[in-house]
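For the record, the sequence lines run as chains A and B. The numbering of the first sequence is this note's numbering, which starts it at -7 and goes up by one. The numbering of the second sequence is this note's numbering, which starts it at -7 and goes up by one.
What the hints contain is simulated information worked out from the structure, not anything from laboratory work. One or more of the hints may lead you astray.
Given that identical chains are not distinguished, each listed pair holds provided it fits within a single copy or across any two copies.
[Unchecked claim] PhoX-like mimics (lysine-lysine), calculated; alpha carbons at most 25 Å apart, straight line:
1) Lys590 <-> Lys8
2) Lys270 <-> Lys252
3) Lys169 <-> Lys199
4) Lys252 <-> Lys315
5) Lys11 <-> Lys225
6) Lys583 <-> Lys458
7) Lys199 <-> Lys230
Because the structure is a prediction, the values reported are computed rather than measured.
Protein chains: 2
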Amino acid sequence: MPSEEGSMAEMEMIEKIKKLATLIRYYILMMTTEAGSGHPTSSLSATELMACLLFSGIFRFDSDHPGAPNNDRLIFSKGHASPLFYAIWAAAGEISEKDLLTYRKFGSALEGHPTVAFPFAEAATGSLGQGLSIGVGMALNAKYLDQLPYRTYVLLGDSEMAEGSQWEAMEIAAYYKLDNLIGILDVNRLGQRGQTMYGWDLSVYEKRISSFGWKTILLDGHSITEILAAYEKAVRGKDQPVMLIARTIKGKGVSFIENKDGWHGKALNREECDRALKELGEVDRSIRGEISLPEDLKPKEENPREEKKKIDYPADKPVPTRKAYGNALTRIFPKFPHTVSLDGEVSNSTYAEIFKEAYPKRFFEMYIAEQNMAGAALGLSRRGKIPFVSTFAAFLTRAFDQIRMAQYSDANIKFVGSHAGVSIGEDGPSQMGLEDIAIFRTILDSVVLYPCDAISTEKLVEEAAKHRGIVYLRTTRKETPILYAPSEEFTIGGSKVLRKSEEDLATVIGAGVTLHEALAAHEALKKEGIFIRVIDLYSIKPVDGTTLQEAARATRSIITVEDHYAEGGIGEAVRSALATSPVPIYSLSVKKKPKSGKPQELLDYEEISRDAIVKKVKELLQK
Amino acid sequence: MPSEEGSMAEMEMIEKIKKLATLIRYYILMMTTEAGSGHPTSSLSATELMACLLFSGIFRFDSDHPGAPNNDRLIFSKGHASPLFYAIWAAAGEISEKDLLTYRKFGSALEGHPTVAFPFAEAATGSLGQGLSIGVGMALNAKYLDQLPYRTYVLLGDSEMAEGSQWEAMEIAAYYKLDNLIGILDVNRLGQRGQTMYGWDLSVYEKRISSFGWKTILLDGHSITEILAAYEKAVRGKDQPVMLIARTIKGKGVSFIENKDGWHGKALNREECDRALKELGEVDRSIRGEISLPEDLKPKEENPREEKKKIDYPADKPVPTRKAYGNALTRIFPKFPHTVSLDGEVSNSTYAEIFKEAYPKRFFEMYIAEQNMAGAALGLSRRGKIPFVSTFAAFLTRAFDQIRMAQYSDANIKFVGSHAGVSIGEDGPSQMGLEDIAIFRTILDSVVLYPCDAISTEKLVEEAAKHRGIVYLRTTRKETPILYAPSEEFTIGGSKVLRKSEEDLATVIGAGVTLHEALAAHEALKKEGIFIRVIDLYSIKPVDGTTLQEAARATRSIITVEDHYAEGGIGEAVRSALATSPVPIYSLSVKKKPKSGKPQELLDYEEISRDAIVKKVKELLQK
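Pulled out of the complex, with its shape left as it was, chain A reads as follows:
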């Protein structure tokens, strides 16, 4: 039984939280009405849930150092509840009421959905169903890498539980026993255009979430005593992640918008806001909530033995670049001890398994759940790790929304897509990455690399690790000859001119598999006295504009060859780099529906083989 003093202190805290909740509601209404847009009702439903979390001593956070390693983490998977997110930090005294009035205004750090412009946002959210995966990454980091006791809290909406990505996050969290991951499910019944599939039937969520291996706690999401008890229970959990399943009312606190259709994503006009504020009653605008500080512990540092591995490939033995990837990641790890490898159940194909065998504690099997893998990588990246995320290039399309969102979070993630192109052969189109270069090029400030041999792969994996930002590295299934010497340098934005003469009639630009085809074409044409320049465009983005301009001036035409669809790939990258150059640019690419077959058969069929290049060059000579 709590003591009298204990009860008094608790009652005081409850009273204070009530006042803070009222203040938060005031902020939510005021900032959205001022902005003329936003999601007040979605924010009001989770107000007590967040006020209790932050201001009852459960959440431990050093606000002066938001990124500090010991802080608990709070992610709003329901990113549209951003007014609530900003409001709680205002209630904590970290931002002012005046700041709140800049909500959604151009140049404000308080964007419509949280971005990392706001110092307390762990990541950009707003595309639903992604926050739990980010939390998985941060929790994996806490439990297995940093080995710190911080917890990760994720506020979830009920509508977004329809997203399969949430269930990926849940299964992986349970599998990895992430008892430091706590979800708070705000079941307010209403989605955007009407009721969710299950309304307030908490038992549906409870059954499903517990079947996925989580501990569940059901509660009234507006009862401060129930919420506090739920958090107390949650942080005592062992071996299992925990989900608070809270019955809430959308628009809670304002009678005329409570639990009503038609109020999603709608700000109150000034008159409505005045009425709403009256309903709130007395608002103590001076009150501020205190957040407990975390312990100050040191993250576990990885101190790998300096391996002094060298790049070692016999010049006469072809090696698949996917294998060189595995070797490279393993070799460079001592230089980049924050590296983590994530793979989607294909590590024996992507060769992430080489790294896994050398550094098993730095490898996480993420199973066939690419969306969660990408989201967890973002979480790990935000916690200072360098995730290398590997699967087949084709399957990275599965995670493209997560990849898209990562660019708004200053992410430092390296994506590695193997089995690029038709040249994978008999497995057929479902396994062929043919649009991966295109999708990764759209990512702001991304780097897109496509090495053609083991040496350049080794070098570029290292460049990728050195580079801060999103990198995509494309690897090949088949073994390819060693072209380069270990002493050669490769840079992001660079290229290699491999064949050059004063008589070059055309420039042929390839990468990966087609670079080798281009060299073979060069040989064949040379025999007939026809000379072409051959460029290895191993850096597709940024592209080596200078070398391309030079080739454009020196040779009559450019031919790009890629084992990729025509749109958005190497051809279009080159055309953009040479957009103001008059030289004609021809693109050999995959233009026909691919099929099963031997690699060389398919290269010929798609007219991206050595023979097709020779044919194209000769065609051009006739013009």
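Please build the complex by placing chain B on the supplied structure of chain A, with the hints as guidance.
Same frame as chain A, but now just chain B:
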């Protein structure tokens, strides 16, 4: 209690199925060894499950008319078990042993993973976790549209149950009470590089799948009597979809590969195959299985009252193109009675709700589960419907793997992405579609349309419905002025030259929001005596090469302007169309990290506004 004759008949059937299963195993081993690649062990584990389904009278299929509306449907979500898929049709007598030996060979209909080149494949599969959604679409069609009693069976692997998309399919199937959808989960314990998360613990699957509202039946996947009883029970299910959860052995039937690591995706060499065939014992190669025929019923036809709606927009009242989409779909429905609308919980934003209100039986709410929505659309398309799939353009990236796979299934799906570009304003980057044009351009033979006003939207929605194939239509959030008269025609591959003179110094190409900016820029420049050509590139793919070539010849330079990232969008489409033209092509596009703000502020910030266009034109004049 079965009668003696009943028992005899049943025992004969069981004996025959055993022989067929042996024959199927023979086929699987033989075809993969001949091909030198493939997934025999994954095929062997589901052999009895499939033999029982097809040859016990449960499955009803008219093999002479694979696409016929009354046929049951069979989808291999675990597409890598293609050897099993082809083997069962050989056992049915539909293809020969000789055909099987063409497996994975270039030009064969028997590709490495099933594609629609094979007449009995309902869709291309091979990217895991997608088959159940396709099944959802086919089952929705049976229950709610065609109103036919056919059932849809989906063979699933245990590894692929990690994919969130499967749980999307499951929740939607339960919600829509698809008791005509039967999943068969082949729990063989082993994934690609090792054991799955749950091994043979069927209870994990059972708990989860039943919590998602499915009826579950656990069984020994190699016991013919248990399997037959399970199917009998499954087809009697009511109101709930049914999942058979079968404990199986990967590689079953060949002792040295049964339940062993390292045998995923590995064909036996000839010596191993000989040994394996010996283990199979006597193979009756003449035996063939019979498949029951379905009833011959007529699908329910939609006979909409001819609405005779007209395109009607007052010329002086701006309308958002997203709203025109809703109007258009509703207006054209009588001409296209196979239309179905699917939306992802945003129909009041995409305006699919207009269609929903007019034709509620043709609309399916798919909730916040875009992957399943796209997969279900494929299923509906394969059953002769014309799905219009709508959500925010940004969220179509969530379904990009499903969209990618649809191109290998001769799909007829129209994707409609609203809220394109930074011009959505205050909601910020998570909600902005900025890479959607790029991703849809990569789809083989896709059509990409981007109308700038309500009239052209109405016309192009109709063109999209007429066109057979994958179409992407991009719509805008804000209202835009009516530019065109209702009598104007718009064609796939067309464009409109809106401003033209003999003195045009540059051509400005825009679409959607930026087309209006271009017209405003034209006005402003005209006042200064500077003339530009303005082209509405409403068809981005295929692009109107003729008009572009003409503009390239007539004006000194081309400026493309798009509310989209630089890569893969309008700029690169135009550069590709003019790849051999010497004219310089400048691209105004979104190049800076977008943020919240007013639409016009953002257009200016990203330098894709009227002012930016004017500035660019003047810059060029100085060159």
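Status of each hint after checking the structure:
Proximity of lysine 590 to lysine 8 under the C-alpha cut-off of 25 Å is found in neither arrangement, the shortest distances being 71 Å within a copy and 37 Å between copies. For the identical chains of this complex, lysine 270 and lysine 252 are intra-copy neighbours only, at 19 Å inside a copy versus 70 Å across copies, given an alpha-carbon limit of 25 Å. In this assembly of identical chains, lysine 169 and lysine 199 lie within 25 Å of each other by CA distance both inside one copy and across copies; the values are 19 Å within and 19 Å between. For the homomeric pair lysine 252 and lysine 315, the shortest alpha-carbon distance between copies (24 Å) is at most 25 Å, but the shortest distance inside one copy (57 Å) is not.
For a Cα distance limit of 25 Å, the shortest separation of lysine 11 from lysine 225 inside one copy, 24 Å, qualifies, whereas the shortest one across copies, 58 Å, does not. For a Cα distance limit of 25 Å, the shortest separation of lysine 583 from lysine 458 across copies, 24 Å, qualifies, whereas the shortest one inside one copy, 36 Å, does not. In this assembly of identical chains, the alpha carbons of lysine 199 and lysine 230 lie at most 25 Å apart whether taken from the same copy (19 Å) or from different copies (21 Å).
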